[in-house]
Every structure is written in C-alpha cells, then in structure tokens.
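Colleague: Chains as they are written, first to last, in numbering that gives the first Met the number 0: chain A, 0 to 165; chain B, 0 to 798; chain C, 0 to 287.
Just so you know, the hints here were simulated from the structure itself, not pulled from any lab data. Treat the hints with care, as some may be off.
As the list claims (entries may be wrong) - Here are the simulated PhoX-like cross-link-like pairs (lysine-lysine), alpha carbons at most 25 Å apart as the crow flies:
1) Lys145/A <-> Lys188/C
2) Lys186/C <-> Lys789/B
3) Lys789/B <-> Lys72/A
4) Lys149/A <-> Lys789/B
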Amino acid sequence: MSKTQVNFILNGQPVEVLVEPRELLIHVLREQLLQTGSHIGCETSHCGACTVDFNGESVKSCTLFAVQAQDAKVITVEGLVSNGELHPLQQAFMDEHGLQCGYCTPGMLMRSYRLLQENPDPTEAEIRQGISGNLCRCTGYQNIIKSIQKAAAVINESGHDEAKSA
Amino acid sequence: MAATAESLERKEKLQGIGCSRKRKEDPRFIQGKGIYVDDVKLPGMVYGALVRSPHAHARIKSINKEKALALPGVITVLTADDLKPLNLHWMPTLGSDVQAVLADEKVGFQLQEVAMVIAEERYIAADGVDLVEVEYEELPAITDPHKSMDPDAPIIREDLVGKDEVGHGKRLHDNHIFTWEAGDKDSTDAVFDKAEVTIKEEILNPRVHPCPIETCGCVASFDKINGHLTVHMTTQNSHLVRTVLAMLSGIPESKIRVITNDIGGGFGNKVPIYPGYVVAIVASIVLGRPVKWIESRIENLSTTGFARDYHGTAELAADKEGHIQALRFNVLADHGAFNAHVSATKWPAGLFSICTGSYDIPTAYVKVDAVFTNKAPGGVAYRCSLRVTEAVYLIERMIDILAQKLNIDKAEIRRRNFIQADQFPYNTSLGWTLDSGNYGPALDKVLKAVDYEGLRKEQAEKRAKGELMGIGISTFTEIVGAGPTKACDILGIGLFDSCEIRVNPTGSAIARMGTQSQGQGHETTYAQIIATELGIPSDEIQVEEGDTDKAPYGAGTWGSRTTPVGAAAVTKAARKIRDKARKIAAHLLEVSEDDLEWDVDQFRVKGVPDQVKTMKEIAMAAYSNVPEGMENGLEAVDYYDPPNFTFPFGAYVCVIDIDPQTGEIKVRRFYALDDCGTRINDMIIEGQIHGGLTEAFAVSMGQLIDFDEEGNLLGNSLMDYFVPTAVETPHWETDYTVTPSPHHPLGAKGVAESPHVGGIPCFSNAVIDALSHLGVTHVDMPHTAARIWKKLHELGVAK
Amino acid sequence: MIPPSFQYHAPGSVDDAVALLSQYGDEAKLLAGGHSLLPMMKLRFAEPEHLVDINNIESLKGIREENGEIVIGAMTTESALISSALLQEKCPLLPEAAGLIGDPQVRNRGTIGGDIAHGDPANDHPALMMALDAIFTLVGPNGSRQVAANDFYLGTFYTALEADEILTEIRFSPQSPNTGASYHKLKRKTGDFATAAAAAVIEMSGDTCQRARITLTNLGPTALRVKDAEAVLVGQVITDDLIDQAAQKAMDICDPVQDLRGDVEYKTHMAGEMTRRAIKTAIERAKG
C-alpha cells in the first residue's frame with residue numbers, strides 16, 4: 000500500500016510523516032513521532048487514554064486516521080510543559096493525588112486542559128461530565144476532580160495561559 | 000526522652016511514616032514519560048498477533064498458514080506443532096494444571112490462542128491473522144458449571160482423561176477438578192439439625208474481569224549469541240515469572256531477565272503467565288529478534304484473567320436472638336477450560352475459609368468443588384486476596400438475610416455476633432488466627448457519622464409512600480499478606496518478600512524490593528519507611544522494583560501483600576542497617592552501644608545532647624572508619640517470612656435510591672471506615688480506597704463476562720463491559736480507626752483491597768435492603784437497571 | 000484491532016465526493032466522524048476499498064436560519080449542535096439530545112449527518128429528526144432531492160440514501176410557540192446507546208394538545224414514529240390517563256431486540272416509560 004505524506008503541527012513544531020492511509024493517529028504519534036505519552040486502552044473510542052488536542056478540540060486519536068491530521072494542530076501531553084514549567088493541571092494532579100498507575104493520566108490531562116479552556120470555572124458536575132470520555136480504574140475520579148478544580152483556581156488567579164504548543 | 004521542637008523539625012524534613020508525601024512517580028507520569036510495555040521499542044523488533052478460535056469447543060482439523068506466509072512482511076506463523084519440538088506447546092498453570100500455549104488439536108474456549116503470526120509491522124501481523132485458515136469441527140459446549148458433571152456432559156479436557164487428580168486430590172468426573180473442604184462437617188451438620196433458626200440462599204459471585212486500562216503485553220528478546228533472554232512484560236510478580244520461564248524453557252534462570260517498568264494497573268489481571276507471553280518468547284528464541292505482543296482490549300476481556308464465577312449455596316444456623324451458631328457454605332467454582340486459578344499450592348480455593356468474617360461463629364464447614372467449562376481459564380484475585388471477595392460477599396449477605404428473617408436491625412445483628420476486642424488474637428472455626436480487631440467502635444463511628452437512625456426513619460417514611468430506599472451495611476474482615484511460607488507457596492516457592500538497602504557514603508540510599516507497583520506508589524511509601532527507620536530524607540532514597548537482575552527475589556504485588564510482607568522486609572532491612580550504624584556510632588563516639596539512643600536521624604550519647612553522630616556521618620564512616628573486625632559498607636538484605644497474615648477490617652454504609660419505573664439505582668451516599676493498622680501515607684491510602692470502592696461499585700452494579708449457551712462471549716469490549724465514568728461514580732466519604740497488627744514490624748496491615756472486598760457486599764446489601772420489605776432476601780449481581788426492574792416487575796412494583 | 004488497507008480520498012466539494020462515490024460504487028464508504036466506521040473497520044466487519052473523507056468539505060458544516068427554516072449541514076458535529084445559540088433558542092431539543100450522545104470527545108467528531116445516514120436504529124438523531132419533521136437533502140450524480148425523515152428509514156442500516164448519494168443538509172421548522180419538546184434516553188452508562196429513548200414534540204393550547212410528534216430510538220428495526228400515541232393526545236385535554244394510553248401505544252408498536260441492555264420485555268416497558276416522561280416534560284415546557 001502506497002504511503003502518503005502528512006504534515007501537521009505537533010506541540011508547536013511542524014512534523015512530516017509518511018503513512019499508510021489506514022494508520023491511526025495514535026500509532027503514528029507513538030511509533031513514528033515517539034510521543035509515547037498518549038496511550039491505547041480500548042481501541043473502540045471508549046476509554047480516552049489516547050485523547051489529544053486536535054485543532055482546539057479533544058479527540059480520541061485511536062479513532063482518527065493520521066492522514067486526517069493534514070495541516071492540523073495537535074497537542075499531546077508532551078506539549079503541556081511550557082518554558083520548562085509544568086502546566087497548572089500537571090502540578091495539581093501531583094498535589095491532589097490525581098493519578099495512580101499513570102496510564103490514563105496523559106489523556107485525562109489533555110481532556111482537562113481543553114475542558115478548562117471551554118469552561119474556566121466548572122462545577123463538580125460539569126467536570127464529571129467533561130471527563131466522562133476518559134476512564135480511570137485507579138482513582139475513582141475523586142482526586143482527579145479535585146485536581147482540576149485546583150488547577151482552575153490557579154489558572155483563574157494567575158491568568159496562566161495555554162500550553163506552549165497551543 | 001521527650002521530642003524537642005528541633006528534633007520534630009528534623010523528623011518532619013525526613014518525610015517519613017505518617018506524612019502525606021507527594022508521589023515520586025508522578026513527575027514522569029504527568030509528562031507522558033512513564034515507560035509501559037508498549038513504549039518499549041528494541042532494534043529489529045517484530046510483532047506478534049494471535050489467531051484465535053471463534054468456537055468455544057471444537058476440534059482443529061487443519062491449519063493452513065500458506066496465505067499468511069505469502070503476505071509480504073509476515074516472517075512466520077507459529078502453531079502448537081511448531082512449539083512441540085521445544086516441548087513448549089503446553090505450560091504449567093498457577094493452579095497445578097497445564098494449559099495449552101497454542102491449541103493442541105482442540106480448543107476449549109472462545110478466542111483461545113491457536114496460532115501467532117509474526118510480522119515486521121504491527122499492521123501486517125494483524126493482516127496475517129486474517130489469512131490463517133483454520134478448519135474446525137465444532138463440539139457441544141458447556142457454559143453452565145452446574146451441567147459440567149452431568150453423566151453425558153462432553154469431556155472438555157481429553158488430555159486429562161484417566162487422570163484421577165489434577166494437583167488437588169481426587170476427581171469425581173472428567174470435568175471435575177477438585178474438592179476442597181475446611182472445618183468440621185459432622186459437628187456443623189449437628190448444629191444445623193438442632194438450630195432454632197436456619198437460613199439458606201443461593202448466592203453467585205458472577206464472572207467479572209479486572210480490566211486495567213493497560214492490557215497485557217510483552218517484548219521478548221533472546222540474544223542467540225550469549226543465550227540471554229530478556230522479557231519486558233506487564234507482570235505483578237517478575238521473579239516468579241522468571242522462575243517459571245526457566246523451568247519451561249530450560250534456559251538457566253541466571254540468563255533470564257524479566258523487566259517491568261511502569262504498569263498501567265493490574266488488579267490481579269497481571270499475575271498469571273499467559274500464552275501470548277510464552278509464544279512471543281518462543282518466537283524470539285526461534286528468530287533471534289525481539290518480539291512484541293500486546294493484547295487488544297477484546298482479547299484482554301475475553302481471555303486473560305477473569306475473576307470469580309463462584310456459585311455459592313450458603314447456610315447459617317442461629318438462635319432466635321440472631322447469634323450465629325454455625326456456618327455451612329458449599330461452592331461450585333467455574334474454572335473455565337484449564338485450571339489456571341491463581342492460588343498458593345495448598346490453597347486451591349484460595350483463602351475462601353476466611354468466610355466466617357468478623358463474627359464469632361463457633362462451628363463451620365465449607366466445601367468448594369471446581370469444574371471445567373468451555374470458558375476462558377483464570378480465576379485471578381480481582382483487587383482482593385485469593386477468593387476473599389467471594390467469601391466476604393457470602394457472609395456479609397447472609398448476616399443481612401438472617402437479620403431480615405429474625406426482624407433484627409442489620410447493624411444490631413452484627414454487634415451481637417462481632418468478635419470482641421478482647422478475644423484477639425482470635426482463632427476462627429475454620430483455622431485462621433485473626434491478629435487484631437476492634438469492630439464495634441468502628442461500626443458505631445460510621446453509624447453516627449451517617450445518622451443511621453435518621454436514615455432508617457426516612458426509609459420507613461419513603462416506604463409508606465411507595466418509594467424505594469436502601470441502606471447497606473458491611474462490616475468485613477479481610478485476610479491479606481500471603482503469606483507465611485509454612486502455609487503458602489507457589490510452585491514450591493515460599494511467599495516471603497524481600498528488600499535490599501544500600502546506604503551510600505554521602506548518606507543517600509538505594510533500595511530494591513521483590514514487589515511491584517502498578518500504581519500504588521511504592522517508590523513513595525517505601526522511601527517513607529526507610530526515612531523513618533534510618534533518618535535519611537525520603538527524597539534521598541531511590542526505590543527500585545521490577546528488574547529481576549537488580550532486585551532481590553520476591554513474590555510480587557498482589558493480594559495486598561506489599562505492606563504486610565514487602566514493607567516488613569523493608570523495615571527489617573533498615574533496622575539491620577541501623578544496628579550496624581549504632582555500632583559505628585559507638586565506635587566514633589567512643590562509648591558503648593548501650594550508651595546510645597536513636598533520635599530521628601542520629602545516635603546520641605544518653606544524657607549528653609551534643610554528643611551525636613548523624614546518619615550522614617555514620618554513612619561516610621561506614622566506608623572509611625569502621626570498628627576493628629567490621630566489614631566496610633552499609634547495606635542489608637532482608638527476606639521477610641511473615642508469621643501470620645494480617646486482617647484489615649472496615650465498616651461501610653451505603654445509601655441508595657431505586658427508580659421503581661426503570662430499575663435504575665442511584666447511590667446517594669457511601670461512607671467507608673477502614674482500619675488497616677498503622678498508616679504510612681494517608682493521601683495514598685485514601686486514593687486506594689477511592690479506587691477500590693469504584694471497582695466495587697463497578698462489580699456490584701454492572702460488570703459481567705457473560706456467554707450464550709454455545710460459549711460465545713457477550714459484551715467483551717468497553718461498549719458493554721461496565722467501567723464507570725466520572726458521571727456514574729459516586730462521591731466517597733472516608734474515615735478510619737487504627738488497630739495495629741501485633742506481628743507486623745510497623746503494625747501495618749495493607750489496605751488497597753479492603754474497599755473492593757468490603758464495598759461489593761455493601762452495595763448489594765443496600766440494593767436488597769431497598770427491596771427487603773417486599774420479601775426479597777437476595778438478588779444476584781450485577782444490579783443493572785434491567786435486572787432490578789425485572790425483580791420489581793415480578794413483585795408488581797414496576798408498571 | 001487494526002483497520003484493513005484502503006485508498007483514501009479527501010474531496011473538497013460535494014460534487015467531487017459524489018463523483019468518487021459514483022466511480023467506486025459499493026467499494027467506497029463515506030468517512031464522517033468515524034466513530035461508528037473506524038471500530039467496524041478495526042474489527043474487520045467493514046473493509047471498504049475506498050474511503051471518501053468528507054471532513055474537508057466546508058459547505059457541509061454549519062447551522063443557519065434560511066427562509067424561516069433551520070438548516071444544518073450534515074457534517075456539523077454534535078458539539079456544534081450543543082453550543083449553537085440558534086438551536087438553543089429555536090430548537091432546544093437538539094442541543095439537549097446531542098448532549099446525551101457519546102462523550103465529549105466523541106461529540107467533537109461525531110456528526111449529525113453521519114448519525115442520520117448510518118441507518119443504525121440505536122442512533123439518536125433519526126427519532127429526533129422524525130419528531131421534528133425534518134427534511135433531508137440528498138445529493139447524487141443527478142442532482143439533489145429531498146426526502147422527509149419520516150420516509151427515510153427503510154430498515155436496519157437501510158435508508159433511502161443511494162450508494163452514490165450524500166446527505167448534505169437537514170432542514171426543519173423552528174419550534175413554534177406553545178410547543179415543548181423533550182428527549183428521554185435511558186442508558187446504562189455514559190457513551191452508551193439507548194436502552195430505550197423517546198422524543199416528544201407537543202404543541203399545547205391551554206390544557207389541550209394541538210399537535211404531537213412521538214418517536215422512539217432503538218426499539219425496532221428503525222427509529223419509530225408512534226402515530227397512534229399522537230392520535231391519543233391530539234385534540235384532547237391531557238390527563239395522566241391519556242399519557243398512559245399514549246405510552247401504551249408506544250409499547251404496542253415497538254419491536255426491540257434483546258441484548259445486554261435488556262430483554263424485550265424490559266425494553267418494551269422502558270419504551271412506555273420514556274414516552275411517558277418525554278410527553279410530560281414536553282407538555283410542561285409547552286406550557287412554559
């Protein structure tokens with residue numbers, strides 16, 4: 000099968016890959032571009048471990064072909080740190096014990112990142128709805144919610160902006 | 000001597016036992032830099048994908064690889080015939096049985112492993128799977144274990160025909176595996192014959208799956224030149240895996256290295272050795288190239304590590320006041336097509352005999368019969384010790400049923416039967432010695448916190464209006480920390496655990512253990528223990544696990560054994576170092592050891608406060624100035640063989656409301672009090688409890704691995720299999736009491752499994768409590784809306 | 000869980016897309032949000048030779064008002080429906096119902112047109128479109144034609160859409176005054192398809208029902224319109240008894256398939272219960 004060249008912006012940097020049309024974005028991110036933060040958990044778009052930011056929206060990168068990323072702006076968890084500083088969400092997940100095994104965490108962070116852009120001051124119920132496309136087996140979500148609330152407060156207070164790659 | 004403000008400050012800086020230290024694992028996880036098995040990429044690596052059986056029971060007539068082999072990029076296709084010359088087509092299981100690595104002439108469950116396609120790329124391997132042609136002759140399948148021992152039942156394991164036993168005593172039928180008993184049958188029967196009150200209920204712990212978000216997988220890499228095999232894999236117990244691989248392959252254990260970096264959740268799923276690992280290893284040995292095999296979610300839910308499938312018949316005998324006099328539990332255990340049940344050699348039914356729970360039950364008898372069916376093998380302990388959830392579920396359900404029968408309040412009946420604080424250590428009628436407990440105050444604390452009386456009043460008012468509200472109570476006792484080697488072994492290896500600590504000249508330390516974190520935060524909490532024991536700041540202690548070349552031998556992390564066994568080894572290793580440090584300090588201060596006292600991070604001469612040697616100074620001295628006759632260095636190894644299990648307990652209350660028209664259940668409140676003895680890190684303990692309760696909620700309310708009569712799997716993706724999202728998951732309230740274990744060096748007991756074990760019956764008890772006034776004594780899990788509605792409809796409640 | 004190989008096409012216009020469909024016929028499939036198609040391809044239940052990705056056709060996106068009608072481009076995402084101020088004002092039923100589909104990420108990709116045209120009786124938009132009396136614009140090699148939602152669904156995964164046609168637009172009238180609409184969806188968990196769901200659009204004059212549309216999701220081979228239930232209500236002063244009668248009519252026509260969401264009896268009763276709830280909420284809203 001012939002391969003297609005795809006160009007997009009990954010975490011602020013232009014990238015160019017040669018892919019088969021059937022290659023899933025998650026595989027290309029992980030295996031060609033070596034950004035292994037995004038994970039695969041279910042392959043049927045239920046678990047959200049592969050969540051990345053795609054043209055300003057959260058998407059499940061296991062349910063998108065890499066060819067569809069032509070000219071897109073993609074942010075993965077690797078793009079959350081800016082100028083060597085953790086994003087407030089990353090800090091809050093550490094502070095509030097918002098993770099255990101860490102496998103769902105990159106997807107959860109990327110979804111939370113966009114959630115707070117969409118709704119800077121979400122209620123608990125809005126957070127629960129907002130992260131309902133991301134499954135976690137370890138935390139029972141309670142500390143994830145606390146982490147997001149804390150990050151929201153920090154961002155709202157400091158005016159911390161987007162990830163470097165946004 | 001009293002602690003001074005100055006010494007308290009030093010203590011705080013150590014970040015030792017009891018502080019909510021932030022996790023050391025987190026920086027890599029939040030930046031996407033964890034290393035999970037699918038992140039491992041080795042030069043020349045190829046990919047394996049499994050061809051699986053569409054049938055639950057069938058004879059394999061032929062396998063044609065030609066089309067697959069013709070596909071560019073496919074390197075080879077392995078079948079049982081290819082593994083036979085290496086004698087690797089079957090492997091031993093943890094249940095004293097054998098399991099086909101690749102189906103040998105027949106398949107016994109749907110999606111059983113039949114062949115592995117090895118290809119240059121993941122995508123080509125998947126394409127190759129579609130091109131392997133397998134011809135099957137279907138056979139009648141058994142999915143109901145109650146039919147396994149029918150006289151005309153099809154024989155599932157023809158390889159065992161003529162064998163009287165499969166490791167655990169006499170078999171009664173070709174589809175029978177073992178009978179296991181505990182307690183005194185005759186005296187139990189005698190009590191039942193004379194009892195004022197007896198109750199009996201059929202109670203099922205349905206087949207479920209732990210479903211960690213990361214599936215299982217490995218990268219096997221055999222170096223043909225020096226004969227070394229390295230396996231990166233998702234295992235909760237790398238050392239045991241290495242031993243099994245050595246036994247299986249004939250490669251010296253010293254030339255096998257099992258590496259487990261980060262694991263994306265285990266919950267028991269990652270204890271056994273699965274066929275996929277073995278075939279990948281064989282493929283690497285044959286090809287001399289690294290081979291990666293990663294399960295899909297469907298493969299994971301369908302074939303690796305189911306749990307439960309315990310079909311119980313439970314009976315209690317009591318007096319009219321509700322004092323339990325005897326317990327009789329019979330279980331039919333569905334082990335699937337191979338007995339791959341995870342169990343210590345002498346415990347084919349795990350620790351099921353903990354089923355007398357928190358109660359003073361003088362006489363008991365339990366019997367477990369295990370049978371084969373045409374379902375996937377396994378029987379892992381899903382976030383619990385072996386068969387403990389099943390045991391606790393039965394007793395916690397039965398005590399509710401007894402209360403209902405006698406019209407006694409469900410909290411009160413527990414109080415009447417609790418083992419009292421002064422009875423510990425308490426010998427149960429089924430042979431366990433419970434180390435410590437204080438059940439009454441724990442329950443009272445919870446009842447007060449939730450205003451139990453107020454809830455019962457509200458329930459009565461609601462019932463009068465036709466509304467359905469349920470209050471569930473669970474006062475469970477767990478058994479964790481397998482276990483004393485005199486009682487517990489796996490494949491002959493004792494279930495001790497180990498720790499090796501090395502203190503460097505500048506005072507920092509590295510510690511390695513035989514356990515394996517899957518998210519529990521060992522790097523954080525183990526360091527806290529060492530910090531307190533040795534006076535070295537936590538941040539200067541490097542904790543490493545999961546590399547058999549580096550860490551001392553241990554049985555791994557499962558059955559909540561890390562704290563009871565692993566942490567004890569850590570403590571004892573640290574204390575060995577401190578003992579040596581004391582000798583060095585005495586030498587440096589030119590006093591006798593007896594003149595010294597330990598103060599946070601230093602030894603000082605009693606009564607002479609400024610005569611001190613800090614741990615940092617002692618560390619340097621260990622490498623430069625030791626007493627005559629002493630070896631240099633400051634390190635220790637401890638292999639800890641626990642004298643007993645530990646017995647954490649808890650008291651939980653759950654309040655639910657049921658929508659009578661749809662059967663939907665809403666959890667209004669869940670209050671969990673846990674007593675895990677000494678607490679090492681409150682933050683991490685709470686996190687474990689949140690997670691365990693959420694898994695209990697999932698099991699109770701929706702999880703089920705189901706089959707049709709032909710053995711076809713129903714609902715084996717996350718479309719159907721219930722993993723609750725943040726929307727469904729209730730808010731958890733937590734609390735604790737502290738009753739230390741008298742035999743553990745820190746008094747700690749282990750906690751992560753309690754919320755799962757104790758939570759499941761609490762949810763069920765709440766659901767059935769909501770229906771109890773309608774005469775309902777039991778409804779099996781999962782409590783899905785459809786199943787609850789069915790019950791309500793039968794009762795005439797739902798329209 | 001690896002999709003099979005295919006040739007990828009990303010036309011920039013509807014005409015180009017239609018030309019590709021005409022050229023490749025049965026070997027081609029349209030790729031909209033992909034959340035039904037990709038899992039099917041990974042399971043190799045679907046193995047199209049050609050995939051025609053219509054995500055780049057800008058004219059297929061957007062929500063507008065035109066000649067007193069609401070017009071929604073087929074490639075408009077569920078998220079766009081939810082956040083549309085126009086819909087929230089003129090057809091609040093759609094944003095509300097779209098919020099019950101999938102999860103946030105799925106709604107960012109999933110499109111109204113994909114949901115409609117797939118022909119899956121488990122999808123939510125078919126019943127919603129039937130309740131709104133929506134008209135679909137289908138464009139093929141011979142130009143465009145219009146088909147009413149209520150005539151579109153012919154069987155499970157079988158619609159009036161020809162293999163070389165594309166659903167481009169959905170049109171319906173804004174909610175008229177004194178009208179209330181509601182969608183009640185019973186599901187096992189977030190992201191699940193409906194165990195049973197009912198849509199009701201009801202116009203009231205005082206306590207009297209002037210007009211009613213009642214439709215059902217995942218309770219038969221296609222979404223179902225319950226005309227008998229509508230007939231029970233229209234022209235009547237609404238009572239609980241009448242609502243029960245309407246719910247019974249819904250139960251009478253539904254023909255669900257047993258699956259892990261429930262057996263036929265449960266789903267049938269839930270058809271009644273969801274209908275009851277949808278009607279009640281719609282009437283409350285109609286009365287404002």
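Colleague: Which of the numbered hints are not met once you compare them with the structure shown?
Modeller: 3 and 4
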